[in-house]
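Student: All chains, full assembly: derive it from the sequences and hints.
There are 2 protein chains.
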Amino acid sequence: MVHSSEQITQLYAELADIFGDRVSNAAEIRAAHGMDVVSFYPVKPPDIVAFPESTEEVQRIVDLCRENRIPIIPFGAGSSVEGQVLALSGGVCVDFSRMNAILEIHRDDLDCTVQPGVTRTQLNDALRPHGLFFSVDPGANATIGGMVATRASGTNSVRYGTMKDNVIALKVVIPDGRAITTATRARKSSAGYDLTRLFVGSEGTLGLFTEITVRLHPIPQAVAAAVCSFAEISGAVTTVIRTLQAGIPLARGEALCGLTMSAINRYSGTSYREEPMLFLEFNGTESAVQEQARAVQEIARSHGGEEMVWEAGEAGRDRLWEARHDAFLAAVQLRPGARTVTSDVCVPISRLADCMIETAADIAAASMPIPMFGHVGDGNFHLVVLVDPESTTEMAEAKTLTTRLVNRAISMDGTCTGEHGIGIGTIGSLEKELGDAVDVMKSIKRAIDPLGIMNPGKVLAG
Amino acid sequence: MVHSSEQITQLYAELADIFGDRVSNAAEIRAAHGMDVVSFYPVKPPDIVAFPESTEEVQRIVDLCRENRIPIIPFGAGSSVEGQVLALSGGVCVDFSRMNAILEIHRDDLDCTVQPGVTRTQLNDALRPHGLFFSVDPGANATIGGMVATRASGTNSVRYGTMKDNVIALKVVIPDGRAITTATRARKSSAGYDLTRLFVGSEGTLGLFTEITVRLHPIPQAVAAAVCSFAEISGAVTTVIRTLQAGIPLARGEALCGLTMSAINRYSGTSYREEPMLFLEFNGTESAVQEQARAVQEIARSHGGEEMVWEAGEAGRDRLWEARHDAFLAAVQLRPGARTVTSDVCVPISRLADCMIETAADIAAASMPIPMFGHVGDGNFHLVVLVDPESTTEMAEAKTLTTRLVNRAISMDGTCTGEHGIGIGTIGSLEKELGDAVDVMKSIKRAIDPLGIMNPGKVLAG
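First to last, the protein sequences are chains S and C.
First residue of the first sequence: 1, per my numbering; consecutive thereafter.
First residue of the second sequence: 1, per my numbering; consecutive thereafter.
Just so you know, not all the hints are guaranteed correct.
Which copy is meant is left open, so a pair is good if it fits within one copy or across any two.
In silico SDA-like pairs for lysine to any residue, Cα to Cα no more than 20 Å straight-line [as the list claims (entries may be wrong)]:
| # | residue 1 | residue 2 |
| --- | --- | --- |
| 1 | K399 | P42 |
| 2 | K399 | A361 |
| 3 | K44 | I8 |
| 4 | K171 | D413 |
| 5 | K171 | D63 |
| 6 | K399 | G428 |
| 7 | K442 | T181 |
| 8 | K432 | R408 |
| 9 | K171 | S443 |
| 10 | K44 | Q7 |
| 11 | K432 | I180 |
| 12 | K432 | T181 |
| 13 | K432 | R178 |
| 14 | K432 | T403 |
| 15 | K442 | A461 |
| 16 | K442 | I427 |
| 17 | K171 | K442 |
| 18 | K442 | G428 |
Since the hints were made in silico from the structure, they are not lab data.
Tutor: Structure follows, in structure tokens:
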């Protein structure tokens, strides 16, 4: 898709008529919207950034872009890590930060409807007085719209599910300019094709979300969190797997390598043992939580775990999970000035220990520091390969290592991405993983976005 | 789609070459495949019924039908109720009864892979020695393939989710003849569009499933079931809603009207009170189950519930749930020779009591018996309107009543079908419910099945 600078000038003028100062072509605004937080991808700024405030305004943008065959790139918090927000062919970035209203909270139905620019912590702050919470927690303070787009998950998806499980309905502006509603607020439905799930994880390539209805959960009566160290990471992994197999409803189960723990201690000022570690959480009634905790301590002990160290009280738990959430940023600080190549494989849990052990051997042989940690209850873990993006040798080494890991995961019947999405970095891996199914995805893309204006170059090649 | 009898004769000869006696054009075989169990729809037999035994054989059928523009209708147990299996324009019925192997059970991963003709009870019998179960339970002994096709749910979806939540991956023969795999066995993935969820609920209109990987759950340590009667059905409904809002993980919560209870007593030889009734189940550890049961008894009491009557032991529980599963067949027996018009609305739970009370008033004014019961934890309930299909007056009355109910549900932000699917009976309701979104479904249908050979006339009009 090629467009001329005259086209952009003309489009900017038309958008300025509608949006006034809520549209920009300033270099610094454009640059800030052409990059994500810490990935190695070079900045690809959009030509224009617009800040709509309503579904109708989003429709105006889509209509103008469609008429001019100009790419549209949605932007939430910019916390995705696979280049999803890069404006590969320029175009109009739609920044949803001014569409951040919580529209309705249905306490009795355990759901709420929000605009896409609402952030995770903003939503949970608003829900707390109602005794409810939104469960999906990718760590970053992402927007709900962005989390829908990447099919995000995170630390407590092992118990409460991913975005796939927690989105009830979407209002979506599709490329032809219409705003459709994918479902009602009913908790389940067999009414036609599941468009909600088709748009969840579509990374901006099929339409722009303007309203999102999500499932909520009652804040549990009791919450207990603990850390438990192990001599080997395989012991931590096996503990979580045996826990799930016993039907114990673990709320979070995170394994972190010794290097990650050291990065966390430096970044967060904590003093955890710098050994393979499990961070655990239990939710339920007081007695259920105690029962679960006892059972898991027993399992951990028989797989080489030390005594669990409990965080009494909310403040302690918050510190613990903040430290876990900051693991990514902490990891980045291990090498000042570095950018990151991240990896996000997810394998059947029976293969997870093998996958992590084989990967640890690759890490030990690598020339750069590579913290490893993940959501082991789901079989999902991350590497943060800390690279100098100017060094072609390092970039090649990082690429080789992460490609080996993706191949390993696929050979174990796993996926190249558990929660980060495809973006621009893993299009080849998607094809390797799903083969001809990718052709079906392409036919759907062509059917819904025949002109290819929605976030071109992402998820699917050509 | 029109095809000549010469085409069918020719196709039959070609299929007979491949399938030998595993293909039939006998009138009685065709008739048995052109109807479901008890619905009012007139029989629409296919021209040919084939019984494939492998993915490759399914591909042969699809190739031959595509080359000849002949419709293909998949057939599991024939227990769907919205006319999904009717061969509206003739064609080839693909009966999956010979593809009923359980291919792999991955105990450590809590999943298994089966062929589509495996039935729900067959699967659970095979899983029991492994300490696992497949949770989705629509009552009928449906095939897993059929349950994928209609996005089935049932009594314990309130706790364990619907087919949408319990299908991990599918092998699907798409209309161009290729067999694609929609996902790996990883517990979660953000790898491209969620084709698994697109095919779940597609009612045979996008492709034929030949392998299905589903999620399993550990058999709970303790299970307790109880019945509790109420003076008014609203008390039963409110009890379930308050239970969910309190975060109590109810495993099943079914409300049944007095007429349904009377039908059950007659059909199953039970002696339940013939009053509005809740059937409840709790799963967990011994102490958790006791704690949940106490809490729910308290809630029930404050909403007009009598003392709960507990079923001690597995045999008692099995009797109880068998009685509940047989509610539909019991209802049919209330009026010998009647056929059924079923209704399957699902509304946000805050509106459920209102929806059922308003519907009860319609039922009281109706000229035929109409039992009402449902999965109230999901906001989903059924009417079984017992009609004489030869009576145009009765059919008109049934149509008016169920249309009023669908409109009521939609006005409450609910759906026309919680779990039965669209089939041929509720295409108009789907359009009323989702409007322009149906155009997106049609564009997807055209993209994947451009010749319209897959179960034509179902889900989407024209």
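Student: Please go over all the hints and tell whether each is borne out by the structure.
Tutor: To see whether the hints hold, each was checked on the structure:
no. : hint        : verdict
1   : K399 x P42  : within (16 Å within a copy, 61 Å between copies)
2   : K399 x A361 : within (16 Å within a copy, 67 Å between copies)
3   : K44 x I8    : within (16 Å within a copy, 58 Å between copies)
4   : K171 x D413 : between (34 Å within a copy, 14 Å between copies)
5   : K171 x D63  : within (17 Å within a copy, 38 Å between copies)
6   : K399 x G428 : within (12 Å within a copy, 52 Å between copies)
7   : K442 x T181 : between (23 Å within a copy, 15 Å between copies)
8   : K432 x R408 : within (12 Å within a copy, 48 Å between copies)
9   : K171 x S443 : between (22 Å within a copy, 18 Å between copies)
10  : K44 x Q7    : within (19 Å within a copy, 57 Å between copies)
11  : K432 x I180 : between (33 Å within a copy, 13 Å between copies)
12  : K432 x T181 : between (33 Å within a copy, 12 Å between copies)
13  : K432 x R178 : between (34 Å within a copy, 17 Å between copies)
14  : K432 x T403 : within (11 Å within a copy, 48 Å between copies)
15  : K442 x A461 : within (9 Å within a copy, 24 Å between copies)
16  : K442 x I427 : within (12 Å within a copy, 27 Å between copies)
17  : K171 x K442 : between (22 Å within a copy, 18 Å between copies)
18  : K442 x G428 : within (14 Å within a copy, 29 Å between copies)
Figure legend: structure checked against the earlier numbered hints; every hint is met.
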